[in-house]
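Model the full assembly from the supplied sequences, consistent with the hints where possible.
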Amino acid sequence: MSDLNVQLKNGAGIQLQSPVTVGEALKRLDRDAAKQALAARVNGRDVDLNFQLEAANSNGHIEIEPVLPQTQEGLGLLRHSTAHLLAAAVLDLFPGTKLGIGPPLLDDPRYGFYYDVIAPRPLTEADLPVIEKRMREIGKRNLAYRRDEIPKEEALRIFDEREEPLKRELIEEKGGDVVSVYYIDGTPFVDFCVGPHVTNSNRLRAFKLLTIAGAYWKGDPERPQMQRIYGTAFFNQEELDAWTKQREEAEKRDHRRLGRELDLFSIQDEYGQGLILWHPKGGMIRKQMEDYLREELLNHNYSFVYTPHIAKRELWQVSGHEQNYGDSMFSPTVLEDVEFRLKPMNCPFHIGIYKAQQRSYRDLPQRYSEMGTVYRAELSGTLHGLMRVRGFTVDDAHIFCRPDQVQTEIGDCLDFAYKVFRTYGFDKIKIELSVKGDDTTKNYLGRDEDWRSAEAALAEALDERGIGYERVEGEAAFYGPKIDIKIEDAIGRMWQLGTVQLDFNLPERFGLEYIGDDNKPHRPVMIHRALFGSIERFFGVLIEHYAGAFPMWLAPVQVAVLPITDRVNEYAERVARELRAAKLRVEVNTRGEKIGAKIRDAQLQKIPFMLVLGDREMEEGTLAVRERSRGDIGAMSLAQFREMARGLVETRAGANVAL
RNA sequence: GCCCGCGUAGCUCAGUGGUAGAGCGCCUCCUUGGUAAGGAGGAGGUCAUGAGUUCAAAUCUCAUCGCGGGCUCCA
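Residues in the first sequence are numbered consecutively from 40, following this note's numbering.
Treat each hint with caution, since some may be false.
[What the hints assert, rightly or not] Below, computed lysine-lysine pairings styled on DSS-like, alpha-carbon distance capped at 27 Å:
no.	residue 1	residue 2
1	Lys247	Lys284
2	Lys257	Lys213
3	Lys469	Lys291
It is worth saying that the hints were derived from the structure and are not from the lab.
Structure, rendered in structure tokens:
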């Protein structure tokens, strides 16, 4: 008798007699898929391969979809199971270890999974090889991953017996009347987990433990500090090797390393943590970045304002920064009994400029832009190279406009952002529209109808341009909705940079007004917008994006003139002078070295062009041109080279040449 | 701020209780060499800082500062 009508999703069907497991059913339907499958979805429910198919709760109709390798879902499962293997190894080696959680990670390319533990003694990186070795030993024993469904009370008893208070806490929070637990037979490991998992440890082969770090239980600094062991896993060794290589590539691009090697910037103890010293070469790049930005600001009819770094404490009380943001502000300093605080943001100053005179509806919009340097009291542990600092410059702008102008202004901000990011070679841009959520603890300001119309204006501006976006509920700031701009760099990492935010709060606090055509005062809308967010941070992103090989227009040194012998030094200087007259940034290398060494120096400095000059070139009045990524590209005249080089600079080309 | 690790020459690192080392870089000299490293010599270090243990500390202990990896935070 066959009581089960089993159907492969998008495939064959078969009649089977229960009891039978998904794995067995799958084997009858598609041997190949059965061999590969890690788990399966049965009538939409994720289950292990040894899940028993039953007629009772499916009317006999069963649809199976295998979870296969080379899918996001499959990878997540594999890593999740590897995390369990990790926990089993740790328990084996360090009895008495308390387990936290051990999820897979798919969004962060740096890691594949982690497990949070509290071991009887602090673990160090030196323990990782030992733990990894034990994981391999356990994996090779072909142990069963076994799922069990038991009453909640029994589960609590099990974890109490094992003195796993954190697991107990999780079960109490999340578990229903019946909870599922997973064992790895032959190990001390048992976990409260919904799964699914592989059914045998031999499926876990290509994995690696990476690092060990601190993590609070449930991310709460009030709760115990645990140790998080990070690792990653893949379906085979080749994938793991490829990932390892990619990781090394990312390490080579580290902006801190390149910043030193290319002499771009430094951060020195003596001057303070999180404070950047821009060296001449980094400074040249920054100048080009800022010049280009100012050029575009002019194109978009922004005006330029300049404001101080410090203001009376009272101002920050009026703006609300002190109440809402005070922890991130440097402490007040006193002069003649008046308190001052360094600015963490530029907005209140721009408001001051708006308020300096009475505004008519005809004057709007007012678009104030400033490279405004701000200071924030970031915790020492959060500082990171150029990415997280204590003093930085925002490519800031504030637009004061009428409600009917919001959509146009937002649209212009988007056009601006796309233009600029594309110039830098960021072709993949992701937009998030953050709107108000239901969470009443957030104390959203402004009327509901203002939120609705603002959100509509933002969405309309995006739709108008055919820009796809993700709507994120509850991510808006308390003072208004916003659009966040994220870009993907040359090796596929996402960076949150710019933001366009509506603000219902500050115009209110400062009592901003304009006189409308009805001769009555109205409240203007304020838009905050920054493209880079922070020039320092964006510079860091660029260094990694280009791997230090800046395109021609940004390169601090654009051309290295390399004389082969001292006889041509004078010719080399003449060439350099002429190129400098065309506003190219040129260095001549007259060191007593052979040409190979000079080329090597220039390559390592990632200078876009090298001009190799010897007797031949001097006699013929030519240049032997070498491009940093293509090598020798042949001889040309000085005029030819100058035109080509100028062309690259003026078009800001080559953003994608970096390798 | 919290947890773990680290701190030796400008950089990368070796040195585990007994007179501070290497490579690269830098300086000088020789070499004038045709597309990613020519040769020789030299300078350069209170071994992060402070205290302690010891006859003796770069080395062991403690504290402080800084850095790295995370967590937290991120208007």
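Tested hints:
1. Lys247 / Lys284: 13 Å, holds
2. Lys257 / Lys213: 14 Å, holds
3. Lys469 / Lys291: 26 Å, holds
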